[in-house]
Structure formats: C-alpha cells, structure tokens
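Chemist: Single-letter residue listing:
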Amino acid sequence: MSLRILIWKEIQIELRRKSVISGLLLYLACMTFIYYTTFSSQLAPMTWSALYWVTILFTVVSTTTKSFMGEQKGRDTYYYSLLSPESIITSKILYNFALSAIMASFGFVLFALLLSNPITDGWLFLITILLASHGFSGSFTLLSGISSRAASGSVLMAVLGFPIVIGVLVLAITVTQNCIDGLDRSVSYNELLILIAINLLVSAVSYLLFPYIWRS
Amino acid sequence: MKGSYWKYLSIPLLIYAIVGGLLMTVPRLAIVNETIRGLYYHVPMWFGMVALFLTSTYYAIRHLMTSQPEYDIQSVEMAHTGILYGILGIVTGMIWANYTWGSPWHGDPKQNGAAIALLIYLAYFVLRGSLDNREQRARLSAVYNIFAFAAMIPLIFIIPRMTSSMHPGNGGNPGFNTYDLDSNMRLVFYPAVIGWIILGYWIASLRIRLRLAEEQIKELEYEKNN
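Here the protein sequences come in this chain order: U and X. Sequence positions in the first sequence follow our numbering and run 1 to 216. Sequence positions in the second sequence follow our numbering and run 1 to 226.
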C-alpha cells in the first residue's frame, strides 16, 4: 500500500518539475545528434551497441543521481518518522527502473531515427533493455543515497557507480550484439541468467544496506 | 596481531618461496619458458588481495552492526593493504605479459577484472575523502564497502570464466593443473600463497595499531587542552 503511494508521489514530483525530465530527454537527444553529426558514415554494429549502452549509462547516471537530491531539506525527517526505509528504497528502485527503461527506449527510438536500426531480434532486445535498466537502477539508487550526503555529489556518483555497473554493461552489450547478428536466442541464455543474478544480488544488498544510510 | 607469533611464520615461508621459486626446477613449456616462475610471485598477490578485501568487508559489516570506530579503522587498513597487493599483482602481471603476450596490457578478462577491483576500492577512498563527519564517513563507506564487494563477485569470479582468457590454465592454454606430475611447483606455490597472505595481515595490523595509537594521542591532547 505505502509502496504504491510512494511511487505515485515520485511520479507526481517528476510531473511537477517537468524541467528535470525534459532536460534529460534533451540530453539524450543532443548526444544522439552529436553522434549523427560526428559519425558521418554508417556505424559498424559493434560500435552501435557500445555507443548505445554508453549513452544510456550516462543518461541513467544523471537520472538516478537526483533521486535523493531532489528532496527538500527536512522532508527526509518527515519520511523517517512515517515510513520504513525498506519501502523507500524499494519504491525508489522501482521508480528508477521505470525511468531508466523509458530513457533506454527513447534512446533506441532516437538511435533508430538518426543513426540506424541494426536490431533484428526486437523482443530479445526489449528484454535486455528491461534487465539492464533493472541492473542500473538497482546499483545506482543506493549509491545516489550515499553520494547525496557528500559535498561533491554528482561526480562521486559516477566514480562510485561506474566500476560497479561494468558487469551489467558488458553483458548488455554482448546480448545486444547477439540481437544484431540475429543469433538463436539460446546463445544468449547464459548472459541473461547472469544479468538476472546480478540484478537480484544488487537489489537485495541495496535493500539490506539502505536502512544504515537512512539512519543518518 | 600484537603478541601472536604465527605472523613470524611468513618470514621463513617467504624466504623459502623466493629462493625456491628462483632455484627449483620448473616444467619446460613453449613461450612461457622460465617466466613460469612468475606464478610464485604474481598469483599469491591475488590470493592476498581477495583475502584482505574479504576481511575489510567483514569489518565493515561488524562496524554497521556495532558502530564501533575501531572496526572502521580495521576495515580501511585492510582495504589499503589490499590495494597495495592489487597494484603489485597488476604490475607483476604486466611485466610477465610483456614477455609472453608481447605487450603489458592485453585486455584479457582477468586483467580487466583486476583493474575493476582496483577502481572500486579507489572509489571507496574517494568517498571517504569527500565526507567530513567522521561517524557518517565510517557508516557510509562501510555500506559502500559491502555493496561494492558483493557487486565485485560476479565481475571478477564469474564473467572472466565465461569468456576465453589468455591466462595459463584457461581456454586450452597449458596451466598449473595440467601438470600434476610437477608437484614441485606446488611445493613452492602453496607456501608462497600462505606467506604472502600472512604478510598482508601483518602489514595491515601494524597500520591499524598505528592508527589506533594516533587516535589515542589525539584524544589525550584534546583532553589536555580542555
């Protein structure tokens, strides 16, 4: 119950400050346009998938960094008295997951429009987007809670987060490569399984550790 | 480790490993040749690093459970020594790779995993540096320590095993286990691993004692001035 209210609250805050989400979408659009102008020739499929995932990574970092910074001073204390930390981290992870998945889908549309669309296995790619979004949100939500306490928040966020998500990134790029080559789906099962395992691991550890951040 | 005498065990073990590692017979393998002796110095670094990081995470968990500042200091110094081992491991590996693979950095999955592990723990120290409140620094960095260690497990233990590696023992390259006849190498390798791990804990424990002493001096000075 409280989970649904919390997620709804996140959506309302987001809709009230439309400048943040529209800024991020524009950020994505600008980056894709830069690729369009700088890579004048056709992109090789390998470059396409690497470029796509790195772009999504940067956008998602900027998206999730603000998940605790956007809160007004003093509101934390109010939540603290009202809610359990577990429901807060769960709602934030779910919300960031949805936001990351939207960003990744929007990024794909932009890439397909401006660059090219080499994907042949659309459903597998959709699953990859969903799993990678979960991986990103699971890793970054806790870290944004940590870095929001420090002075140099957004730089710290990137430094703390990048080494941790390299695994998710590498697996996503590998599966995307398989989607482009149109390989049989059974080839990607191993990678997808490990991706799911990583997601469960980081989400569970975030869930367990968040109460200790929240206490301060 | 103050007063525990088993730490001195590392001295004979390491003297034996260094002398034995240079003098005892090793199997003759193409390409690898005499560089196979690098095994005695390079691989124990990784065992030591993982042991030290594991201990660091253990103390981070203890810190979160008890909020004792000593556990925080222990956790940090274990991570410090672990980073030292990691850097030594990467450097020894790069020297070895320069002779056998032809260049120091080859993008081998194990090399990349090691680099990621170092990046994670360097980020841990950046995080500590950017938090001013001592109690908060201890708690948040303990949270990051545990989180990073959990996230590191698939990165350095699972993903490198999925892809082929140029390391001996992987992907058809002859390695240690294929030469069961040569138990000579094990005679040096295992003592080297144990010796380096003990030495790592010894270094870390000295640093911990130094830090605790510094804290006490600070406290005494504070009391004197007030």
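For the record, the hints were derived by calculation from the structure and aren't laboratory data. Every residue, glycine too, gets a C-beta built ideally from N, C-alpha and C. Hints may be right or wrong, so weigh each one.
Unchecked claim - Here are the computed distance ranges between Cβ atoms for each label pair:
id, chain 1, residue 1, chain 2, residue 2, range
1, X, S67, U, Y207, 14 to 24 angstroms
2, U, L25, X, S67, 38 to 48 angstroms
3, X, P104, U, L3, 28 to 38 angstroms
4, X, L206, U, Y36, 54 to 64 angstroms
5, X, I18, U, G182, 49 to 59 angstroms
6, X, Q136, U, Y78, 49 to 59 angstroms
Chemist: All the hints need checking, so say for each whether the structure fits it.
Modeler: Structure-based check of all given hints:
One distance hint, 14 to 24 angstroms for the beta-carbon pair S67(X) and Y207(U), holds here, with the actual separation near 21 angstroms. In this structure, L25(U) and S67(X) meet the distance hint of 38 to 48 angstroms, their C-beta atoms being roughly 43 angstroms apart. One distance hint, 28 to 38 angstroms for the beta-carbon pair P104(X) and L3(U), is violated here, with the actual separation near 51 angstroms. In this structure, L206(X) and Y36(U) meet the distance hint of 54 to 64 angstroms, their C-beta atoms being roughly 57 angstroms apart.
Distance hint check for I18(X) and G182(U): the Cβ-Cβ separation is about 55 angstroms, which falls inside the suggested range of 49 to 59 angstroms. At roughly 20 angstroms, the beta-carbon separation of Q136(X) and Y78(U) lies outside the given 49 to 59 angstroms, and the hint is violated.
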